[in-house]
Amino acid sequence: MKKLFLAILLISISITTFGQEKLKTTSGHIKFFSTTPAEDIEANNYKAISNLTPSTGDLVFSIPMQSFEFEKALMQKHYNSKKFLNTKKFPKAKFKGNITNLSAINFSKDGTYAADVSGDLTIHGVTNKVSEKMMLTIKNGAVTGTTSFDITLADYDVVFTKGKPSKNIAKSVKITANLNYTK
Amino acid sequence: MKSKIIKIVLALIVIAIGVVAYLWFMPHRNVQSVKAFKTIDATALVNEFLTDKEKANALYLDSDEGESKVLIVTGIVAKISKDQLGQQVILLKNKKDKMGVSCSFTLETNNQVNTIKIGDHISIKGVIRSGAEYDEDLDLIENVIIEKSALIK
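Top to bottom, those sequences are chains A and B.
With my numbering applied, the first sequence covers 1 to 183.
With my numbering applied, the second sequence covers 1 to 153.
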């Protein structure tokens, strides 16, 4: 009887742990792109961290802001400075949210699924609600998440009204992400 | 008199072009040629961030231009992987620690990793990008991130 109880206990523990299993990445690629008649600016970051929990749809991100690399050194210096993203005070951008159409995604079946993601995005110390689509491609247990959306810089208190930056940096920038999740 | 003015104007134009060219072609900082701020053990570095995040951020991160401190980190190799750019990534972490220091090499220094094995005790020089953090609710492990790494022999 005691053994049976123990067996049931062990099974239920393993089910709960399995159910909470997370897909993780520590090398997500995030790119942002700004285009104006004056110039195109692109920056890449290969150090995004993200956890995705298939059973609950929970999705979290942490992006080290100083890991964005620009082609031009001067742009990178400006981006990091107090006037722009102030990456010393706000070294990480975060997202906490979840997939709202979880029933439409079968994590155990290979295929491509459109996930509706919504949650709180914090950049530069400012948090906004966002709702975006994320494509999930499932193949042999590995999951790739891709998304592309625009953010308005002013929503995150990144504002420049004078001089060159106001002409050369777009008011809204395109963010694309490629997340290579594994168990 | 006239030729003097022309000369001055020409000189100013040359200076202006020089300044613009300097700003435009300004090279990225060469992390490996910067003197290291300090040599520190991976566990000790992680613990500084876990103990007092604000203090550690203030000490190691640069606020003006994102040119944060260059460190030499020593520790045990726990994992070797590659990121989406093809850069080698070595995680320095003690077995008993939850978090470590994730050091990304560059396409130029990648081949230094070829001879490294899990369990080796090594020293890596690179620039710190962000600190360690652990969110228990989310089970989100954030290692210290070091980039532009090279092995120190």
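Since the hints were made in silico from the structure, they are not lab data.
Remember, it's a predicted structure, so these values are computed and weren't measured experimentally.
Please note: incorrect hints may appear among the correct ones.
Unchecked claim - Simulated DEER-style distance windows between Cβ atoms:
no.	chain 1	residue 1	chain 2	residue 2	range
1	A	T36	B	I6	31 to 39 angstroms
2	B	K98	A	T161	39 to 47 angstroms
3	B	K153	A	T146	49 to 57 angstroms
4	B	I80	A	A142	39 to 47 angstroms
5	A	K82	B	N114	39 to 47 angstroms
We put the CB at the ideal spot given by N, CA and C, even for glycine.
How the hints compare with the structure:
Checked against the hint of 31 to 39 angstroms, the C-beta distance between A/T36 and B/I6 comes to roughly 36 angstroms, which is consistent with it. For the pair B/K98 and A/T161, the beta carbons lie near 45 angstroms from each other, so the given range of 39 to 47 angstroms is met. A beta carbon spacing of about 40 angstroms between B/K153 and A/T146 contradicts the range 49 to 57 angstroms that was offered as a hint. Here the CB-CB span from B/I80 to A/A142 is close to 19 angstroms, at odds with the stated 39 to 47 angstroms.
The supplied range of 39 to 47 angstroms is met by A/K82 and B/N114, whose beta-carbon atoms lie about 41 angstroms from each other.
Consistency note: the structure conflicts with the earlier hints numbered 3 and 4.
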